[in-house]
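Colleague: Listed below are the residues making up each chain.
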Amino acid sequence: MNQETKAQSRVHDLLSASLGAFAAFCLITSPWNVDTEGPDPFYKGPLIFPIMVLSMMVLAALPACRRLFSPADGSSWRLDGGGYPRKTLMVLGLLIGMLAGLNLIGLEVCALAFLSVSLYIGLNLIGLEVCALAFLSVSLYILGHRGPFKLIVLPLVMTGLIVLIFKHFLGVFFPTPLIAEWIWE
Amino acid sequence: MWDNLISGAIAALTAANLASLVFGTFVGIVVGILPGIGPMVGMVMLLPFTFALAPDVALSLLLGVFCGGYFGGAVPAILMRTPGVPSSLVTSFDGFPLTQKGEAQTALSAALLGSFGGGIISVIILVFLAPLLAHVAANFGPPEYFAAGLFGVTLVVMANRDRMMQGILLLGLGLWFSTVGIDGATLSPRFNFGTLSLQNGLDIVPVCLGLFGVGQTLLLVERKILKTDQMNLTRSTLDFSKLWGTLRYWKTLIKSGVIGTFVGLLPGTGSILASFLSYEAAKRSSKRPQDFGQGTPEGCLASEAGNNAVPAGAMIPLLTLGIPGDALSAVLLGVFTINGIYPGPLLLVKEPVLINTLYCSIFMINIAAFLMLAFWLKPFAMIVRIPATLLAVNIMLISVVGIYAVNTRIFDAAVAVFMGVLGYILLRLKWPVVSLVMGVVLGEILETRLRESLSIGEGNPLIFFTRPISLALIILTILIVAIPLYKDRRRTTIERKPT
Numbered sequence: 001m002n003q004e005t006k007a008q009s010r011v012h013d014l015l016s017a018s019l020g021a022f023a024a025f026c027l028i029t030s031p032w033n034v035d036t037e038g039p040d041p042f043y044k045g046p047l048i049f050p051i052m053v054l055s056m057m058v059l060a061a062l063p064a065c066r067r068l069f070s071p072a073d074g075s076s077w078r079l080d081g082g083g084y085p086r087k088t089l090m091v092l093g094l095l096i097g098m099l100a101g102l103n104l105i106g107l108e109v110c111a112l113a114f115l116s117v118s119l120y121i122g123l124n125l126i127g128l129e130v131c132a133l134a135f136l137s138v139s140l141y142i143l144g145h146r147g148p149f150k151l152i153v154l155p156l157v158m159t160g161l162i163v164l165i166f167k168h169f170l171g172v173f174f175p176t177p178l179i180a181e182w183i184w185e
Numbered sequence: 001m002w003d004n005l006i007s008g009a010i011a012a013l014t015a016a017n018l019a020s021l022v023f024g025t026f027v028g029i030v031v032g033i034l035p036g037i038g039p040m041v042g043m044v045m046l047l048p049f050t051f052a053l054a055p056d057v058a059l060s061l062l063l064g065v066f067c068g069g070y071f072g073g074a075v076p077a078i079l080m081r082t083p084g085v086p087s088s089l090v091t092s093f094d095g096f097p098l099t100q101k102g103e104a105q106t107a108l109s110a111a112l113l114g115s116f117g118g119g120i121i122s123v124i125i126l127v128f129l130a131p132l133l134a135h136v137a138a139n140f141g142p143p144e145y146f147a148a149g150l151f152g153v154t155l156v157v158m159a160n161r162d163r164m165m166q167g168i169l170l171l172g173l174g175l176w177f178s179t180v181g182i183d184g185a186t187l188s189p190r191f192n193f194g195t196l197s198l199q200n201g202l203d204i205v206p207v208c209l210g211l212f213g214v215g216q217t218l219l220l221v222e223r224k225i226l227k228t229d230q231m232n233l234t235r236s237t238l239d240f241s242k243l244w245g246t247l248r249y250w251k252t253l254i255k256s257g258v259i260g261t262f263v264g265l266l267p268g269t270g271s272i273l274a275s276f277l278s279y280e281a282a283k284r285s286s287k288r289p290q291d292f293g294q295g296t297p298e299g300c301l302a303s304e305a306g307n308n309a310v311p312a313g314a315m316i317p318l319l320t321l322g323i324p325g326d327a328l329s330a331v332l333l334g335v336f337t338i339n340g341i342y343p344g345p346l347l348l349v350k351e352p353v354l355i356n357t358l359y360c361s362i363f364m365i366n367i368a369a370f371l372m373l374a375f376w377l378k379p380f381a382m383i384v385r386i387p388a389t390l391l392a393v394n395i396m397l398i399s400v401v402g403i404y405a406v407n408t409r410i411f412d413a414a415v416a417v418f419m420g421v422l423g424y425i426l427l428r429l430k431w432p433v434v435s436l437v438m439g440v441v442l443g444e445i446l447e448t449r450l451r452e453s454l455s456i457g458e459g460n461p462l463i464f465f466t467r468p469i470s471l472a473l474i475i476l477t478i479l480i481v482a483i484p485l486y487k488d489r490r491r492t493t494i495e496r497k498p499t
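These protein sequence lines are chains A and B, in that order.
Residue 1 is where the first sequence starts when you use the working numbering, and the numbers rise one by one after that.
Residue 1 is where the second sequence starts when you use the working numbering, and the numbers rise one by one after that.
Isolated chain A (complex conformation) (with noise of 0.2 Å):
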């Protein structure tokens, strides 16, 4: 195989082997993960397929976990020269903080709203429409854009599109946040 030939990344055997240990994991526990009480015998039950399917996949990550335990000369840990993914991993924690504000209290995101973007918010306003900007706001300044209309200008339009598209076009239900709660009680 081609794959074996070339001295490629050792990331890629650490990942492959990192998903075959993860199948052979839920393959010794599949009969504790899996219910197999029913009457079915075992060809019509629940565990013959991820049966096959994990143990397809533990033999497909056995080269790579052979190369990870003995790599071959010249193979080294370097990518792609790409470098360390700074930007992208605070986008996705901007992204997850978005979720948890959405679901939680919107307290930790609403800081980062007020801190980026000196807006007066409504107390109507904490909630999606925060969370939304606070990302937006936040991530654009962290992937180097500046000026008002790509801080404040774009980030309301998008929050404002969002919000008029999802809770009044669709009608999708936005869990209140809990900030909002606490003031009304």
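In short, the hints are calculated from the structure, not lab data.
Errors might be hidden in some of the hints.
Listed next, the in silico DSS-like pairs over lysine-lysine satisfying Cα-Cα at most 25 Å (straight line) [claimed, not checked]: (1) Lys87(A) to Lys150(A); (2) Lys287(B) to Lys255(B); (3) Lys150(A) to Lys378(B); (4) Lys287(B) to Lys251(B); (5) Lys430(B) to Lys87(A).
Assemble chain B onto chain A, guided by the hints.
Modeller: Same frame as chain A, but now just chain B:
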């Protein structure tokens, strides 16, 4: 047949359907033009909005993005040698040299005519071939379906055979994802690790949206702004006089359209292969093969006709067997099943109007995409100036809020983010993510058919070898694995031999 086709045309011409396909095509062209985004991101981004729409309107919207993306991809490939979609790379072989010679309009005319012609030819083939294949598929039982599914996933893995083990791992992971949650046949919980949220399983929509809508855009965050200094269009619309000139390559157009449709029909082969094969066939039969690669409109036309015939070609196995040929048609399958429509041989009998509406919609999408690009060529081309990072964060936001909106469950959004991280890692490592998607999509089909087949055979796996169609498909599956591996091995042995 003609009655259904007329009914389909009437349904396709309703205001809602027309608006949907025009909007979808517009989005498709935009995401196709933007390098690194592509039609898949556009489709998954619009996916949550489709749940509020009728099935035919929803499918027209997504088909618009699907086909429009391939139309748009040629523009940056010709003007900047930066393909908007991977398959447009072949278009740049001749398109960019033509631009350098000051003949960008000729290249764009040929590419647009190729896209349009390829799309139309593939729809015509779809209309006539789908009923024939459905007739054959009507004889399929569970073993045949399992064998066909196995053949499909094997083709997907073998399409990336330089990363075969990684493809198998991802396919396995996707198949395993499909087993998470309550088993439909026995109602037994599987791999929910004691959590209630996982009992409903991992839905295809958050998985696809995460892998492409979030994963692909996380990758875009690190991108630099494209240099657009070379973009030199003399006028804002297409030069129609050049368009008539490229009509002399009509034979190449038909041949490329047919090649593209049949490549699209095969699961996992993808539009790059369609472009490349069409280009090579055109080069071989050309009177001036030496011009290929130096800047000939025939090359642009062949490549674009090939890749734009793929969407309709990919619809053939999807509609007749319920087996998607690629990740894009897998998303379409998701829309079908969410609306309670199950593609297969009976679909053409049960839902003839819907199917014919789709045929007519694809036809009109090709016309809409052609007209949009012909009249707004320069404004569309200028889209590449939008910084990728600006788009990335907006797409991410829409994707995550959109996925929450489908079931109003934060868990789905969390799944999308998790899949986004996985997608980012896999895309950055250039692993074949399509294998993962195909696993998730085909997992349920394969498992159900496997268990049904074994039930028929009372547990004996020989059931797959005793039925002719199933046996033929299994032999084909073995051959598509064995032949390339044998050839690779032989090549390696020859290379290692001392000269």
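Colleague: Run every hint past the structure and note whether it holds.
Modeller: Status of the hints after comparison with the structure:
1. Lys87(A) to Lys150(A): Roughly 17 Å separates the two Cα atoms, so the pair holds.
2. Lys287(B) to Lys255(B): holds (15 Å)
3. Lys150(A) to Lys378(B): With a Cα-Cα distance of about 24 Å, the restraint between Lys150(A) and Lys378(B) holds, given a limit of 25 Å.
4. Lys287(B) to Lys251(B): Holds, because 12 Å separates the two Cα atoms, which is no more than 25 Å.
5. Lys430(B) to Lys87(A): At roughly 20 Å apart (the allowed maximum being 25 Å), Lys87(A) and Lys430(B) satisfy the hint.
Figure legend: structure checked against the earlier numbered hints; every hint is met.
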